[in-house]
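**Q** Here is what each chain is made of, one letter per residue.
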Amino acid sequence: MALTEETVQDKIEIVGDFKHVQVRTATIIKRDGVEISRTYHRHVVAPDATTTGESTEVQAVCAAVHTQAVKDAYAAHLAAQEV
Amino acid sequence: MSGYIGSQIPSFVSDVTSASGDFTIGSDLTVNSDATVSGGIYLGGTGSANYLDDYEEGTWTPTLLASTTNPTVTYDTTFTNASYRKVGNTVFFSFEVRTTARSGGSGVVRIGGLPFTRINDYNPDGDHLSISPYNVTFTGSGTALVGIVGQNNTYINIASVKSGSAGADFVITDWASSGLAFVRGSGLFRV
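Going down the list, the protein sequences come from chains A and B. Per the working numbering, the first sequence starts with residue 1, numbered consecutively. Per the working numbering, the second sequence starts with residue 1, numbered consecutively.
Because the hints were derived from the structure by calculation, they are not lab data. Where a beta carbon is used, it is the ideal one built from N, C-alpha and C, also for glycine. Misleading hints may appear alongside valid ones.
[Said to hold, decoys possible] Covered by chain A, according to a simulated footprint, are these stretches of chain B (three or more residues, beta-carbon under 8 Å):
| id | stretch |
| --- | --- |
| 1 | 36-47 |
| 2 | 54-67 |
| 3 | 73-80 |
[What the hints assert, rightly or not] Derived Cβ-Cβ restraints for the label pairs, each shown as a range:
| id | chain 1 | residue 1 | chain 2 | residue 2 | range |
| --- | --- | --- | --- | --- | --- |
| 4 | B | ASN89 | A | ASP10 | 18 to 24 Å |
| 5 | A | ILE29 | B | ALA144 | 29 to 35 Å |
| 6 | B | ALA35 | A | ASP10 | 45 to 51 Å |
| 7 | A | VAL65 | B | GLY44 | 34 to 40 Å |
| 8 | B | ALA35 | A | ALA49 | 21 to 27 Å |
| 9 | B | GLY21 | A | ASP10 | 17 to 23 Å |
| 10 | B | ASP22 | A | VAL34 | 29 to 35 Å |
| 11 | A | ILE29 | B | THR77 | 20 to 26 Å |
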């Protein structure tokens, strides 16, 4: 019997007015190649966030959608919020 | 393929494959193993208000931030953790951020790292949360903490409340610079 663990980013979504990039990371445990457990961990990359440390794929998505116009609009949105 | 199953529910001794079309079941249905639904399910009616299209649970990593400049933080990683449950368009979440040291930073306290982005509307049905702090100072005359997840945000703004006023800022320098300090919280917001 062999237990293995693998981690994959199984969902990368672009959501909302400011193109937040939502990333779901799945940790998959397999016994003899058959999945027996899957757990999720999530994080979101906002337009004003640094992408250092993100996967190459997430960095590419962020580079594509977090244009300067999106970043400027998001900064204006944050500045307009009360808190 | 479509059909109607009335009072007698057949026993499928093997998987039904290559099925398409609708089945109507006129009696109770018992599933003795897992059910996987690629779409959503209607509960208690067939209107859009009865439709549940998603369920997911998992973890996220909360971080101590500030609105102007983020602080440098040493976390107690044993107790710094967070979880979420997404039911339909609502995310229920809880977290604890525990630190042993904090230096620098300016602005109001934020908790970052939320697992989803809050919807962009002003409907208040789910953007506030309860906060339980330890080793913080209410320099703004507040007496308790509340949290708010703003529109289109992925972090929690934390403010203190006080009598006779709309509230007071809870700034990062109110957070202990040494020794144990933490906030615990839970709440929900829509996506």
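**Q** Compare the structure with the hints numbered earlier in the document and write down the numbers of the violated ones, lowest to highest.
**A** 1, 3, 5, 6, 8 and 9
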